[in-house]
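Engineer: Here is how the chains run, residue by residue.
Number of protein chains: 2
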Amino acid sequence: MEPKQIIKEIKGKQEEIKSVIFVGCGASKADLYPAKYFLDKNAKKLRISHYTANEFNHAIPASLDETAIVISASLGGNTPETVEANAKAKAAGAHLISLTHTHNSPLTKDADYIIYHRFGENYAAKLEKMGYALTLAVEILDQYEGYDQYGDMQIGFSKIYDLAQSAAESAIVDAKKFAEAYKNDPVVYVMSSGATTEVAYSTSICLMMEMQWINSGIFHSGEFFHGPFEIVDKDVPFILLMNCGSTRPIDARALTFLKRFEAKTTVVDALDYGLSSSVPKTVIDYFNPMLITAVFRVYAEQLSYARQHPLTKRRYMWKLAY
Amino acid sequence: MEPKQIIKEIKGKQEEIKSVIFVGCGASKADLYPAKYFLDKNAKKLRISHYTANEFNHAIPASLDETAIVISASLGGNTPETVEANAKAKAAGAHLISLTHTHNSPLTKDADYIIYHRFGENYAAKLEKMGYALTLAVEILDQYEGYDQYGDMQIGFSKIYDLAQSAAESAIVDAKKFAEAYKNDPVVYVMSSGATTEVAYSTSICLMMEMQWINSGIFHSGEFFHGPFEIVDKDVPFILLMNCGSTRPIDARALTFLKRFEAKTTVVDALDYGLSSSVPKTVIDYFNPMLITAVFRVYAEQLSYARQHPLTKRRYMWKLAY
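Residue numbers (the numbering used here), protein chains in the order written: chain Y, 6 to 327; chain E, 6 to 327.
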């Protein structure tokens with residue numbers, strides 16, 4: 006069922022929705038963030054929260070009842086904590102929508118609505134989880150509170166997948182330069198702001214730590230000046246995921262500082278890939294994470310080649326019980 | 006004015022409050038987190054959000070109006086981004102409460118209500134910013150929605166400052182051991198869960214990166230298994246801030262993994278310092294961050310002595326315009 010229809014059906018059953026709760030783990034948690042950010046920014050009545058699944062499971066929010074919509078995500082559909090979260094959401098009578106790549110996976114068992122997304126086909130396909138979550142958020146806001154930029158968001162959705170795919174394909178030369186420059190670094194910091202904040206997060210904890218075993222830290226570009234910037238010195242490695250939209254001045258201020266003190270800086274900038282000429286300015290903030298995710302995937306791939314460390318290599322995950 | 010009276014007065018002016026918005030930077034942002042967490046967990050109607058000040062300033066939430074209470078914090082009261090956030094909150098007609106140590110500081114200019122907290126006197130005084138924010142959160146919930154455990158929270162508040170002070174004073178031997186063991190490490194990870202999640206955050210970005218120039222990363226203990234744990238190897242340094250309460254099983258699972266693979270692990274455990282015998286079980290979750298903050302301050306002090314790097318030493322902060 007399409008997101009619009011799902012929310013329409015929920016509204017038919019439950020006229021008053023008070024809370025929208027996003028639940029996932031790791032990259033799937035991060036992929037829900039742009040949707041959470043969109044609602045946090047634009048909703049006036051709906052309560053919005055976002056949990057790693059085991060936090061949700063151990064400290065269930067008082068708002069979890071039939072007035073809540075829960076949106077959960079798991080690529081393989083078998084993340085145990087997220088499957089458990091689904092069971093808890095269902096038991097509480099919440100309206101449960103799950104996003105997964107994997108048909109008939111455990112995540113689908115308790116879900117009222119399932120959206121299957123693509124993943125491996127190309128760079129654009131990897132964005133569908135994030136994109137469907139954002140689409141659901143837009144539908145929830147529009148149908149429950151009304152949303153003036155609904156049409157502009159639809160224009161954005163109609164453009165972003167092709168734009169992100171072509172941006173990723175055009176990034177290979179810069180990505181190879183990045184890979185050669187960073188392949189021997191013992192630690193790398195990642196930062197961003199706005200809707201892209203958790204793309205920086207998943208870049209740090211998944212692409213760097215999990216998939217490359219490189220030490221990494223992450224913070225909001227606005228927080229950089231309230232602690233982390235004291236680590237800056239000549240050649241300390243940073244990746245700045247730069248937004249085109251409301252929070253660009255925050256990212257730009259961090260970039261100025263990094264350049265001033267000659268930190269080793271790689272910038273992936275949505276402006277360079279034409280986001281501002283494809284997506285309406287009124288809603289551009291929310292499409293940065295999709296574009297930047299696609300481009301940085303190429304950077305991560307090139308880094309894995311330069312380091313001869315496949316992105317699929319693990320010490321523990323998929324190998325041990327823990 | 007006392008928190009109870011402040012919220013009573015706001016309620017006299019504005020019967021319907023829809024949103025509670027927490028705004029700060031760095032350690033002051035983190036100090037607001039237990040209050041945010043408390044409301045996120047327990048409120049059924051109130052919308053809750055939490056921003057680093059410049060994110061708030063550049064992407065003002067649609068909910069910022071006379072139905073919002075904004076709670077901002079800045080130790081010195083002169084953090085430019087937070088002072089600007091106050092101006093924006095006031096211009097939008099929100100009810101604005103500010104926490105600061107510094108009388109007549111710029112932060113007090115636009116605030117409708119100012120709470121001055123102590124700081125330098127002892128370890129307990131350093132907790133007052135966090136404690137007042139939580140007290141305000143409890144009052145907001147109780148007065149606007151009702152809160153069954155209100156009495157238990159008051160017992161908790163009556164105990165936590167003395168408990169935290171004596172816990173900190175008793176931690177010095179363990180803190181010295183930690184300092185000797187970690188003083189030469191090039192990177193250290195910090196994790197926690199529940200209400201203590203952003204104590205781990207401020208420990209990482211402020212105590213380690215800002216005040217010791219040690220590389221550091223941070224994540225929720227529940228997220229550990231969804232990426233970061235692949236960095237674990239023999240002797241990789243971790244600090245685990247362990248909660249006594251709902252999310253303890255999440256922290257304990259991370260500890261089991263760290264021990265199994267012989268990571269270099271320091272645990273600061275609220276259980277060791279008697280939290281469970283001082284604070285009612287119904288509300289214990291919310292007092293972990295105060296106790297652990299006090300104890301870990303001693304660890305940070307000892308680390309600074311062992312490294313001959315004062316906690317007040319800076320490269321950039323207080324020295325340059327940026």
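It should be emphasised that the hints constitute simulated quantities derived from the structure, not laboratory data. Watch out, some of these pointers could steer you wrong.
It does not matter which identical chain is meant; a pair holds if it fits inside one copy or across any two.
Claimed, not checked - Pairs of lysine-lysine residues, derived as DSS-like cross-links and limited to a Cα-Cα distance of at most 30 Å, are as follows:
no.	residue 1	residue 2
1	Lys286	Lys318
2	Lys181	Lys264
3	Lys9	Lys95
4	Lys9	Lys23
5	Lys93	Lys269
6	Lys324	Lys239
7	Lys9	Lys49
8	Lys182	Lys13
9	Lys269	Lys324
10	Lys318	Lys23
11	Lys49	Lys16
12	Lys18	Lys164
13	Lys49	Lys318
None of the values given here were measured: they were computed from a predicted structure.
Engineer: Now look at each hint and say whether the structure bears it out.
Structural biologist: Status of the hints after comparison with the structure:
{"no.": "1", "hint": "Lys286 to Lys318", "in the structure": "neither (40 Å within a copy, 43 Å between copies)"}
{"no.": "2", "hint": "Lys181 to Lys264", "in the structure": "within (21 Å within a copy, 38 Å between copies)"}
{"no.": "3", "hint": "Lys9 to Lys95", "in the structure": "within (21 Å within a copy, 37 Å between copies)"}
{"no.": "4", "hint": "Lys9 to Lys23", "in the structure": "both (18 Å within a copy, 26 Å between copies)"}
{"no.": "5", "hint": "Lys93 to Lys269", "in the structure": "neither (45 Å within a copy, 35 Å between copies)"}
{"no.": "6", "hint": "Lys324 to Lys239", "in the structure": "between (39 Å within a copy, 18 Å between copies)"}
{"no.": "7", "hint": "Lys9 to Lys49", "in the structure": "both (20 Å within a copy, 26 Å between copies)"}
{"no.": "8", "hint": "Lys182 to Lys13", "in the structure": "neither (48 Å within a copy, 60 Å between copies)"}
{"no.": "9", "hint": "Lys269 to Lys324", "in the structure": "between (35 Å within a copy, 22 Å between copies)"}
{"no.": "10", "hint": "Lys318 to Lys23", "in the structure": "neither (42 Å within a copy, 47 Å between copies)"}
{"no.": "11", "hint": "Lys49 to Lys16", "in the structure": "both (18 Å within a copy, 19 Å between copies)"}
{"no.": "12", "hint": "Lys18 to Lys164", "in the structure": "neither (33 Å within a copy, 47 Å between copies)"}
{"no.": "13", "hint": "Lys49 to Lys318", "in the structure": "neither (44 Å within a copy, 43 Å between copies)"}
The structure is inconsistent with the numbered hints 1, 5, 8, 10, 12 and 13, although it conforms to all the rest.
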